[in-house]
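**Q** Here is how the chains run, residue by residue.
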Amino acid sequence: DVKVTQSSRYLVKRTGEKVFLECVQDMDHENMFWYRQDPGLGLRLIYFSYDVKMKEKGDIPEGYSVSREKKERFSLILESASTNQTSMYLCASSGGGQGNYGYTFGSGTRLTVV
Amino acid sequence: AQSVTQLGSHVSVSEGALVLLRCNYSSSVPPYLFWYVQYPNQGLQLLLKYTSAATLVKGINGFEAEFKKSETSFHLTKPSAHMSDAAEYFCAVSGRRDDKIIFGKGTRLHILP
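Read top to bottom, the protein sequences are chains A and B. Going by the working numbering, the final residue of the first sequence carries number 114, and the count climbs one at a time with no gaps. Going by the working numbering, the final residue of the second sequence carries number 1113, and the count climbs one at a time with no gaps.
Calculated directly from the structure, the hints in this document are not laboratory data. It is possible that part of the hints are untrue.
To be verified - Derived DSBU-like pairs: lysine-lysine, alpha-carbon spacing no greater than 35 Å straight-line: (1) B:Lys1069 / A:Lys3; (2) A:Lys55 / B:Lys1105; (3) B:Lys1069 / A:Lys57; (4) A:Lys70 / B:Lys1105; (5) A:Lys71 / B:Lys1068; (6) A:Lys71 / A:Lys3.
When you get a sec, could you build the whole thing from the sequences and use the hints?
**A** Shown next, in the form of structure tokens:
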């Protein structure tokens, strides 16, 4: 089975800190995604990547950046954490033909910014 | 463009009763459709998917969904609810093989003893 691993289940960070959320997949998938999930708002796409060193903005990229130096790893960076970035962050990956294969999700990182 | 609407942000059913979670989609091309489940503090797990084969799709944990083109619907059902089914369920749509998947806002299923 494809495995998507997010490095932390729970994180508490202070306002203004630079925060790194790491995601690793083990099935040589081309496509990787970062979402945030908030009550009543569903999943919102932050950034995605279709290849190494490639990145595309999603629906809510402000305040975030990403890095994909290796195919298996996709990092989400909060440049200066703010309280409104307290959320559940979900990483996902898929192979070519994502539209019909679907995504595999990690277990999520619940980030609290204080 | 594709979109999906889930009717009801919360649904409650009694244990042993029928589960019905509603999903309607909009797509300019024949869609691919998915249902995902999310248990508390977990990621999303694929329940089932429709990819233009049989219109009745069977998934894990006894769930199934029927693709109805005339109604643009893909409702999720389970004949008999179990306490372990309490979770949030997401319907999702994609228009083409290489398109991103668009998720609905989710329906939280509560099971009453």
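**Q** Take the hints in turn and mark each one as holding or not.
**A** Tested hints:
no., hint, in the structure
1, B:Lys1069 / A:Lys3, "holds (33 Å)"
2, A:Lys55 / B:Lys1105, "holds (25 Å)"
3, B:Lys1069 / A:Lys57, "holds (32 Å)"
4, A:Lys70 / B:Lys1105, "holds (32 Å)"
5, A:Lys71 / B:Lys1068, "violated (38 Å)"
6, A:Lys71 / A:Lys3, "holds (14 Å)"
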